[in-house]
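Residues are numbered in the working numbering as their position in the sequence shown, beginning at 1, plus a constant of 144.
No lab work stands behind these hints: they were computed from the structure.
Think about it this way: if two alpha-carbon atoms lie no more than 27 angstroms apart in a straight line, the pair counts; the simulated DSSO-like pairs of lysine-lysine are:
1) K438 <-> K448
2) K275 <-> K496
3) K670 <-> K466
Here are the in silico distance ranges between beta carbons for each label pair:
4) S447 <-> K602: 45 to 53 angstroms
5) R493 <-> N671: 48 to 56 angstroms
6) K271 <-> S683: 38 to 46 angstroms
All C-beta atoms, glycine included, are put in the ideal place defined by N, C-alpha and C.
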Amino acid sequence: MLGEFSEEELLGLLHDVNNTSNRIKYLVWICINYAFCKSKVYIKKKKERKNVKRMVKDYIYVNNLKYQMVLRIFLLVFFINIGCAEAKPESEKPNILFFLVDDLGWLDVGYQGSKFYETPNIDSLSKRGMKFRSAYSSHPRCVPSRYGIMTGRYPARTKSPGPGSQLNESEYTIAEALSDNGYSTFIAGKWHLSRGNRGSSPEDQGFDKNYGGGDSGVPKSYFYPYNIQKRGKGNENAPDITKLPEVEEGYHITDQLTDLTLNWLGENYIDSHNNKPFFVYLSHYEVHTPFEGKADLEKKYKSKADKIYKGHELENPFSFEKTTGETKLRQDNHIYAAMIENLDNNLGRVLKFLRENNLYDNTIIVFTSDHGGLSNRGNNRPLATSNLPLRGGKGHNYEGGIKVPLFVVWEDVIKQGWSNTVVTGTDHFPTLLELIGYNQMKDKHLDGVSFSKSLVGKFQDNSKRPIFWHSPRPRPKSTGDLANTTVRLGDYKLLDFYREGRVELYNIIEDQSESKNLSEIMPEKKNELHELVKNWRISVDAIE
Numbered sequence: 145m146l147g148e149f150s151e152e153e154l155l156g157l158l159h160d161v162n163n164t165s166n167r168i169k170y171l172v173w174i175c176i177n178y179a180f181c182k183s184k185v186y187i188k189k190k191k192e193r194k195n196v197k198r199m200v201k202d203y204i205y206v207n208n209l210k211y212q213m214v215l216r217i218f219l220l221v222f223f224i225n226i227g228c229a230e231a232k233p234e235s236e237k238p239n240i241l242f243f244l245v246d247d248l249g250w251l252d253v254g255y256q257g258s259k260f261y262e263t264p265n266i267d268s269l270s271k272r273g274m275k276f277r278s279a280y281s282s283h284p285r286c287v288p289s290r291y292g293i294m295t296g297r298y299p300a301r302t303k304s305p306g307p308g309s310q311l312n313e314s315e316y317t318i319a320e321a322l323s324d325n326g327y328s329t330f331i332a333g334k335w336h337l338s339r340g341n342r343g344s345s346p347e348d349q350g351f352d353k354n355y356g357g358g359d360s361g362v363p364k365s366y367f368y369p370y371n372i373q374k375r376g377k378g379n380e381n382a383p384d385i386t387k388l389p390e391v392e393e394g395y396h397i398t399d400q401l402t403d404l405t406l407n408w409l410g411e412n413y414i415d416s417h418n419n420k421p422f423f424v425y426l427s428h429y430e431v432h433t434p435f436e437g438k439a440d441l442e443k444k445y446k447s448k449a450d451k452i453y454k455g456h457e458l459e460n461p462f463s464f465e466k467t468t469g470e471t472k473l474r475q476d477n478h479i480y481a482a483m484i485e486n487l488d489n490n491l492g493r494v495l496k497f498l499r500e501n502n503l504y505d506n507t508i509i510v511f512t513s514d515h516g517g518l519s520n521r522g523n524n525r526p527l528a529t530s531n532l533p534l535r536g537g538k539g540h541n542y543e544g545g546i547k548v549p550l551f552v553v554w555e556d557v558i559k560q561g562w563s564n565t566v567v568t569g570t571d572h573f574p575t576l577l578e579l580i581g582y583n584q585m586k587d588k589h590l591d592g593v594s595f596s597k598s599l600v601g602k603f604q605d606n607s608k609r610p611i612f613w614h615s616p617r618p619r620p621k622s623t624g625d626l627a628n629t630t631v632r633l634g635d636y637k638l639l640d641f642y643r644e645g646r647v648e649l650y651n652i653i654e655d656q657s658e659s660k661n662l663s664e665i666m667p668e669k670k671n672e673l674h675e676l677v678k679n680w681r682i683s684v685d686a687i688e
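Use the sequences and the hints to build the structure in full.
Right under this line is the structure:
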């Protein structure tokens, strides 16, 4: 049976069959097997896949017209299948690395256009996969955004931010879904979805191993001893933030989290030859405050900032408006830049390990941030970055607060390029399930929509899909934001500042800076989206 043939036998068959008629019959069977995903043949090496394609194309030019027509039909299916579904034989499910950065802005990486921050590893990896022009977090703050990623549900459903800002035991996470389907699951870094309550820790929510994932959202210092963030009211008994082994004084937490990740992979997939695929959720605390960089990198970027901006000092480095507070106007924070480069270096370490140990080609890599960069304030706090030309930043439902860098890589499977598909944080859950061949769990990832078609270069029209954000716990004195509910539908975006009784409407395609409020000149569109927002708020029982 053709489906029993090995890779080498298949190639030999194509070379050795002398009888033209028999050769054509074999090729038709190859196409059938590929088309219906029944074949165990999986040609992993790119060069050998190209050989098969070339040979099949050569053999199509046969004299027998009947067989030629049959071949053309099946070749069409064959090549579609090669491009979209070649990657997952049942015996070799892909690994998953979800690389999540804290507080990294949409423009804080080189491939998005930053001229100040240096991210060579991020930029190089982004070229290997699909990048998204309109990727969003599910909230402009840490906890609710991570809830959306883990559950595929809008955080407003669980009243987050607010009284529901930790995972309930009843929640079903992407880690649980993967664990239930044979994956080894691992987290290193920020969790921030528990409050010392039973059932909300990473171990309770599907992770086999946890390093560094606890209640708190940030260490007091990035250098050992990290010291946990002070426990606040309601979480006095919270466990330590780190749960990390002791290291030498001054060791950087990002370096240690990478060490632990690579050690776990080495022990489980190199030394013990574990056949189970892995899900690694590497969720770094960087580049969240406090601003602390390695001394050599701080010095490098201090010098760079001086060279770029000397003689071009701004009389006022901030702009001000009522709805956003003060906005940082340019990227010049040398400490923040040092933190970004350190993070990039650690991504490079992970990629090197995967490649050297033959894990890279069969690993899906997701790179993204939990929300926009810290660029706005309502007080005198230090700011990290500038998100311009996007408006607002962390805490805001303007583009600067919710738009994030996102790309997905799976070598030779996911296409390389840019996608205009609009995606949000809730969409990762169903997308990963679909990529690895598992059935969707719509009752679990209730608000998530798979964008897997976009990853293989297909057009995915979601212009009729509304995407919502709800921010009932503003921090006007910290990040300068106000309470609102926001929706994007197609090209338009409406912000409902419901406590103030006003709305703002923007064409987000023509005006990504959200500078032209269309609410008065487009009353029908304003009313349509305003009703959509109000009805949605009721449907999810959102707190106000």
